[in-house]
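Read top to bottom, the protein sequences are chains S and Z. The first sequence begins at 1 in this note's numbering and counts up by one. The second sequence begins at 1001 in this note's numbering and counts up by one.
These are calculated hints, taken from the structure and not from any lab test. Among the clues, some could well be false.
[Said to hold, decoys possible] Away from chain Z, derived, C-beta distances all over 10 angstroms, residues of chain S:
1) T82
2) S109
3) R177
4) E233
[What the hints assert, rightly or not] A partial selection of chain Z residues facing chain S, derived with a Cβ cut-off under 10 angstroms:
5) K1038
6) R1041
7) G1044
8) V1046
9) K1057
10) F1064
11) E1083
12) S1109
13) Q1112
14) G1114
15) G1116
16) R1228
17) Q1290
18) C1292
19) E1294
[Claimed, not checked] Only pairs whose alpha carbons sit at most 20 angstroms apart, straight line, appear in this in silico DMTMM-like list of lysine to aspartate or glutamate:
20) Z/K1129 / S/E42
21) S/K106 / S/D125
22) S/K260 / Z/E1087
23) S/K106 / Z/E1087
24) Z/K1098 / S/E87
25) S/K98 / Z/D1236
26) Z/K1260 / S/E261
Source: prediction; values computed, not measured. For each residue, glycine too, the CB sits at the ideal point set by N, CA and C.
Number of protein chains: 2
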Amino acid sequence: MATIYEIARAAGVSPSTVARALRGSGYVSPDKRALIQKLAREMGYVPNHAARSLKSKRSQKVLFLIPDIYNPFYFRMIKGATEVLEEHQYFPVLCHTKGDPALEMKMLSNLQQGFGDGMIFVSFDFNPKNTAAVNASGCPVVLTNNYQSPDGRDAFDCVFVDTFDGIRMAAQHFISRGFTRIGYIGGNIATQTGRERFSGFQHALQQNHIAADQRLFKVGDFTMESGRRAMQELIDQRTIPQALVVANDLMAIGAMRVCKEQGIHIPGDLAIIGMDNSDLAQFLDLSSIQMCEEEIGRNAARLLMERIENPKLEKRTIRLQPSLALRKTSEAGEAPAG
Amino acid sequence: MATIYEIARAAGVSPSTVARALRGSGYVSPDKRALIQKLAREMGYVPNHAARSLKSKRSQKVLFLIPDIYNPFYFRMIKGATEVLEEHQYFPVLCHTKGDPALEMKMLSNLQQGFGDGMIFVSFDFNPKNTAAVNASGCPVVLTNNYQSPDGRDAFDCVFVDTFDGIRMAAQHFISRGFTRIGYIGGNIATQTGRERFSGFQHALQQNHIAADQRLFKVGDFTMESGRRAMQELIDQRTIPQALVVANDLMAIGAMRVCKEQGIHIPGDLAIIGMDNSDLAQFLDLSSIQMCEEEIGRNAARLLMERIENPKLEKRTIRLQPSLALRKTSEAGEAPAG
DNA sequence: GAAACATGGCCACCATCTACGAAATTGCCA
DNA sequence: TGGCAATTTCGTAGATGGTGGCCATGTTTC
């Protein structure tokens, strides 16, 4: 509530002397400084944020545009980012776009308002319209997760996890163990996500000169139920592979449940690796591809802090390597129980 | 980037006319207004947030003090609160206290800085020190989750879930089904949480004139492992109850796992209700007490918005009623399988 | 005695908003 | 049509709280 003016009056000095004394910059005699600091403490002085940021053009806040506020994936990102932001005395402001492009555009304009000094932008759909708006704002923004530069040039700072490589690694893991009949349950090839992951899988097969058997590849929609269906088809076809790479944990769990019901032993009869390394995967001892969301967050925040510090930096893209969290479902199998 | 001065110059009017035209307040001739609005659009004018909030003393932000940023409980709260904040054009700023009292105090001072217009404050430990700081700030703050007014007077706006009643309901549910030997696994009685929940359990027994059998009450530390241990003790004692109320889902799941390993059929031999209604509970078909975190968030945000609107309101406390999410583990049992 | 340094007040600035009052326009009646 | 009041229009002048440049004054040092 108290301002430097009131302190100045109480101390019998001018407001600017108070400012200097409290900021520690410029010349103030030691006794005056002590007096001012004492008064400030007593009067409960706290500098006014709005005034300071009007002058300094820094708000100490970073906007977090996320499409889905109740998704653990994003929360882990936020957690990671917050760790780094804290070190720089910055705070995340949550802006929830609900995946709605109109809201997204509206939130982007908040940036120009000085609502925040920068933004970490996550979108389901990076397109010319919203990326142009980001560019137009001229403010520091880091795109994360699935932005792809249209012409391969780094127009933005960007952090993403190489899901292609995650799936590739999982398949390679099985191949290295000597499996040749490896199944895949993925998402729709029409989506970028679906395509990217499947290519990773195909790449591993090709690298190892393993012929692709189309019957072993099923498509789901990332729900547990679709995982069940896909697994059931494999069983019905009597083409149960030796190992299965699944493009997310939920589908993998669906598949596991069918196996359990039908006496297919995991990992003895069928080894499985899922993707996301969700809490459920940990709980159910499902091997999974670790997407390191916190690492995304940390890197995005780091890039952003650096850019706020120095806007002239070259634009950078950070490609994070996923890792395998190997658990029971992909253990080198002893002979099947049944 | 453009300011009202530049627009004023472009339109050949004074800055205050621009302000009036854009804000829609005061008298501006229709043609000038139209011109100014057109220019503002063309020049990409967005009002400066810092300047506006310096003048208006509103930042459109609400601080969210939370002890643990990656706890599903809290981010459900955040989700609920965000819904309400959005309606009022407010945004949540996350302040992570890590349960550290010193950090908590520091963050509280952010409030006075005008960092936010109000705060939703969640603490592991509400004590005279931090509540005094809240009071001293004179800013709108809503305490949630486990604050208890020391003298029963409403010094603060406050939202909490009646965990006492949640546990009581769970016990009552079993009692109504005719069970008389009901076990309880809770937290340490030295903690407020532990005490509160256990009282709810005892209350249900007393109400129904059921004698308490101390051998059926075990203490854990809210981890799965401690749930396992507690259940194992019940088994070793050969005092397996008919039903079990457990003070959180993790411990309940630990108990379930022991039962599964040792052939105790759930719910045939033993019915279980946990607490939190976590994702895991849903996944494992564990009955649970629903703490309605989103509802806490919504109510906290609502109280806060109302208080920011009108600081003179009476202080209010909202006590939310938990509900039972009944699933398989508490189904009226057919005869046990084995 | 002059240069070097320390001290602290004054003022402009950041961008917006608003109270006030001057100026312009309109309406109304004689 | 002139005159007066009511109404509309719009600019001037702060105010918000903090910061930093500039400069006048005071002190020390050689």
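- For the hint on Z/R1041, just tell me whether its beta-carbon gets within less than 10 angstroms of chain S. Where the cut-off is 10 angstroms and the nearest Cβ of chain S is about 12 angstroms from Z/R1041, the hint is violated.
- Query: Close enough to count: is the Cβ of Z/G1116 nearer than 10 angstroms to one in chain S?
  - Reply: holds (9 angstroms)
- Identify whether the interface hint at Z/K1038 stands, where standing means a beta carbon of chain S within less than 10 angstroms of its own. Given a least distance of 18 angstroms, the restraint on Z/K1038 is violated.
- S/E233 clear of chain Z by more than 10 angstroms, beta carbon to beta carbon? Answer for S/E233: holds, closest chain Z Cβ roughly 24 angstroms.
- Task: For the hint on Z/F1064, just tell me whether its beta-carbon gets within less than 10 angstroms of chain S.
- Result: holds (8 angstroms)
- Measuring from the C-beta of Z/S1109 to each C-beta in chain S, is the shortest one below 10 angstroms? At 6 angstroms from the nearest chain S Cβ, Z/S1109 passes the 10 angstroms test, so the hint holds.
- Query: Are the Cα atoms of Z/K1098 and S/E87 separated by 20 angstroms or less?
  - Reply: holds (14 angstroms)
- Query: Is Z/K1129 close enough to S/E42, meaning Cα to Cα at most 20 angstroms?
  - Reply: Roughly 17 angstroms between the alpha carbons, so the hint for Z/K1129 and S/E42 holds.
- Quickly compare the C-alpha distance for S/K260 and Z/E1087 to 20 angstroms and report which way the hint goes. violated (47 angstroms)
- When you check the alpha-carbon spacing of S/K106 and S/D125, does it fall within 20 angstroms? At roughly 15 angstroms apart (the allowed maximum being 20 angstroms), S/D125 and S/K106 satisfy the hint.
- Minimum beta-carbon distance criterion (10 angstroms), Z/C1292 to chain S: violated (14 angstroms)
- Are all C-beta atoms of chain Z more than 10 angstroms from that of S/S109? violated (6 angstroms)
Checked against the numbered hints given earlier, the structure breaks hints 1, 2, 5, 6, 16, 17, 18, 22 and 25 and satisfies all the rest.
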